[in-house]
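Peer 1: Build the full structure now, drawing on both the sequences and the hints.
One-letter residues, chain by chain:
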Amino acid sequence: MKHPEGLIYSKEHEWAKIEGDSATIGITWHAQDALGDIVFVEVPAVGAEFKQMEEFGVVESVKTVSNLYCPVSGKVTAVNPELIKRPEIINEDPHGQGWIIKIKMSDPAEAHKLLSADEYESLLAG
Amino acid sequence: MLKRTPLYEEHLALGAKMVPFAGWEMPVSYPSGIIAEHLAVRSNVGIFDIGHMGVIDLSGTETLAFIQYIATNDASLLSENECQYSILCNESGGAIDDILVYRLKDRYRIVANASNTDKVLAHFNEQVKKFAGINIEHRSGLAMQSLQGPKAKDIAPELSGLKHNHCADWKGMSVSRTGYTGEDGFEFFVPKENSVEVWRGFIDRKVQPCGLGSRDTLRLEAGLPLYGHEYNDAVGPLEVGYSWAVKFEKGDFIGKAALKNRMVGKKLVGLKLSEKAVPREGYLIKVGGKVVGQVSSGTFSPTLKTPAALAFIDKEFSRKGQAVEIEIRGNLYPAVVSAKKLV
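Those sequence lines, one after another, are chains A and B.
Taking numbering that gives the first Met the number 0, I'd label the letters of the first sequence as residues 0 to 125.
Taking numbering that gives the first Met the number 0, I'd label the letters of the second sequence as residues 0 to 342.
Hints listed in this document are in silico derivations from the structure and should not be mistaken for laboratory results.
Quick reminder that beta carbons are idealized off the backbone N, C-alpha and C, glycines included.
Where hints are given, some of them may not hold.
Label-pair restraints from in silico Cβ distances [what the hints assert, rightly or not]:
#1 Lys10/A with Met172/B: 47 to 55 Å
#2 Glu326/B with Val45/A: 23 to 31 Å
#3 Ser121/A with Gly287/B: 50 to 58 Å
#4 Leu331/B with Lys84/A: 21 to 29 Å
#5 Gly95/A with Asp168/B: 51 to 59 Å
#6 Ser121/A with Leu1/B: 21 to 29 Å
#7 Lys340/B with Ile83/A: 43 to 51 Å
#8 Leu123/A with Ser242/B: 29 to 37 Å
#9 Asp20/A with Lys285/B: 56 to 64 Å
#10 Val45/A with Gly288/B: 28 to 36 Å
#11 Arg204/B with Lys112/A: 50 to 58 Å
List time: in silico SDA-like cross-link candidates among lysine to any residue, alpha-carbon distance up to 20 Å [as the list claims (entries may be wrong)]:
#12 Lys16/B with Ala124/A
#13 Lys271/B with Phe39/A
#14 Lys1/A with Ser31/B
#15 Lys249/B with Asn231/B
#16 Lys275/B with Arg85/A
#17 Lys304/B with Ala124/A
#18 Lys275/B with Ser65/A
#19 Lys304/B with Glu11/A
#20 Lys275/B with Gly35/A
#21 Lys304/B with Arg85/A
#22 Lys1/A with Lys275/B
#23 Lys84/A with Thr305/B
#24 Lys275/B with Glu87/A
#25 Lys304/B with His29/A
#26 Lys16/B with His29/A
#27 Lys304/B with Val64/A
#28 Lys275/B with Asn90/A
#29 Lys275/B with Gly125/A
#30 Lys304/B with Glu41/A
#31 Lys275/B with Glu41/A
#32 Lys84/A with Ala35/B
#33 Lys275/B with Val42/A
#34 Lys16/B with Glu41/A
#35 Lys1/A with Ala15/B
#36 Lys304/B with Ile83/A
#37 Lys84/A with Thr302/B
#38 Lys271/B with Thr63/A
#39 Lys84/A with Lys304/B
Peer 2: Take a look at the structure:
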């Protein structure tokens with residue numbers, strides 16, 4: 000499976016890795032594959048707050064631009080510093096090195112509204 | 000139902016991402032990605048399936064007069080086996096399509112954009128009524144392939160003596176030294192039954208397969224207009240800066256009167272950006288808060304490693320070096336006007 004177990008997924012093709020009340024967020028393997036070579040990520044400042052599925056940034060590939068939606072509500076605690084110099088790490092390792100932001104969740108129960116890896120892959124197979 | 004070129008299965012086997020384009024199912028990129036494909040063409044050699052392009056042959060005694068009437072350039076200047084860029088204008092001086100016109104031994108050949116082929120054929124069928132004995136033949140049995148890059152001549156050394164904008168016979172097909180990337184290269188008119196063999200011949204020699212994604216970034220960096228972006232019904236050769244392809248002295252042609260009187264307030268220029276946000280088609284260009292133009296094509300330039308664009312901009316602000324701002328998602332990003340040819 001291209002989308003690892005243990006992460007949870009949004010229908011807008013973001014993933015979240017939940018550890019306590021912290022969520023690490025990125026875009027899925029499928030999303031980066033559909034976008035192609037990623038050249039720029041516009042990210043929020045640390046401290047910014049988002050509601051679940053609110054837009055938090057954009058990702059630009061050579062071909063197109065796509066909005067990023069925050070899969071869980073909360074406050075940004077970190078932004079991946081590597082993305083400024085090497086946005087292509089999202090293509091290389093979308094679920095690992097290519098993470099985009101970390102969020103301190105305001106409502107951890109929201110995670111249940113997201114999809115498991117199996118459910119996400121079924122959605123893609125649609 | 001989308002049309003497929005004879006190379007459809009080859010693209011799937013190479014892992015291409017297929018997309019609908021102008022009624023065709025075409026590869027947008029291969030697993031190597033747009034940037035790698037682009038850079039292969041700039042520094043080495045790549046092969047494109049352009050089997051979606053329209054190839055239309057015109058023959059009969061009044062063919063030259065017909066072409067002179069429908070297209071803006073002067074086809075009487077062509078020698079046998081030579082080709083030229085030209086524009087099919089409408090009466091108001093906008094563009095129906097931009098084309099290549101080939102003079103072959105016993106006929107002329109037009110290569111039209113895939114998205115415009117049906118419209119061009121309908122236009123020809125209408126206009127041909129003013130002429131006698133012209134045969135219009137849509138050569139759907141030919142599927143073009145384009146070999147592009149500084150090392151294209153090493154892949155086909157027998158063709159290294161072929162002059163630019165000239166054509167020759169090679170391995171049973173016509174080939175011209177033309178392209179749409181800003182690099183040296185060759186375009187092959189391949190009979191469909193030979194398409195797979197010709198394509199594999201290139202792939203087996205490690206030529207990079209390239210999709211429509213890199214075709215677009217390459218032409219954009221080279222400042223080459225694309226119909227639907229830099230041309231449309233209302234925007235023609237004068238706005239694009241291609242008055243060199245409009246020959247007023249050759250006699251009457253469709254759009255001549257309108258082009259002669261046309262006031263062109265905007266000019267097509269290149270724009271270079273220093274920050275990473277990418278300008279896209281339709282984004283506004285501002286100077287001192289005032290809108291002075293609009294992006295017609297924008298991308299991330301793999302060669303410059305920065306975003307870049309083609310844009311129509313008020314003449315007053317179109318000089319090289321002019322500082323402007325591009326509005327991207329509500330924020331203004333600095334850009335500098337450059338020549339259309341960005342690299």
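Peer 1: Could you run down the list of hints and mark each one as holding or not?
Peer 2: Structure-based check of all given hints:
no., hint, verdict
1, Lys10/A with Met172/B: 47 to 55 Å, "49 Å, holds"
2, Glu326/B with Val45/A: 23 to 31 Å, "26 Å, holds"
3, Ser121/A with Gly287/B: 50 to 58 Å, "53 Å, holds"
4, Leu331/B with Lys84/A: 21 to 29 Å, "24 Å, holds"
5, Gly95/A with Asp168/B: 51 to 59 Å, "54 Å, holds"
6, Ser121/A with Leu1/B: 21 to 29 Å, "26 Å, holds"
7, Lys340/B with Ile83/A: 43 to 51 Å, "30 Å, violated"
8, Leu123/A with Ser242/B: 29 to 37 Å, "50 Å, violated"
9, Asp20/A with Lys285/B: 56 to 64 Å, "43 Å, violated"
10, Val45/A with Gly288/B: 28 to 36 Å, "31 Å, holds"
11, Arg204/B with Lys112/A: 50 to 58 Å, "53 Å, holds"
12, Lys16/B with Ala124/A, "16 Å, holds"
13, Lys271/B with Phe39/A, "16 Å, holds"
14, Lys1/A with Ser31/B, "18 Å, holds"
15, Lys249/B with Asn231/B, "24 Å, violated"
16, Lys275/B with Arg85/A, "12 Å, holds"
17, Lys304/B with Ala124/A, "35 Å, violated"
18, Lys275/B with Ser65/A, "15 Å, holds"
19, Lys304/B with Glu11/A, "28 Å, violated"
20, Lys275/B with Gly35/A, "16 Å, holds"
21, Lys304/B with Arg85/A, "12 Å, holds"
22, Lys1/A with Lys275/B, "29 Å, violated"
23, Lys84/A with Thr305/B, "12 Å, holds"
24, Lys275/B with Glu87/A, "13 Å, holds"
25, Lys304/B with His29/A, "25 Å, violated"
26, Lys16/B with His29/A, "12 Å, holds"
27, Lys304/B with Val64/A, "17 Å, holds"
28, Lys275/B with Asn90/A, "17 Å, holds"
29, Lys275/B with Gly125/A, "34 Å, violated"
30, Lys304/B with Glu41/A, "17 Å, holds"
31, Lys275/B with Glu41/A, "9 Å, holds"
32, Lys84/A with Ala35/B, "18 Å, holds"
33, Lys275/B with Val42/A, "12 Å, holds"
34, Lys16/B with Glu41/A, "26 Å, violated"
35, Lys1/A with Ala15/B, "18 Å, holds"
36, Lys304/B with Ile83/A, "13 Å, holds"
37, Lys84/A with Thr302/B, "17 Å, holds"
38, Lys271/B with Thr63/A, "18 Å, holds"
39, Lys84/A with Lys304/B, "12 Å, holds"
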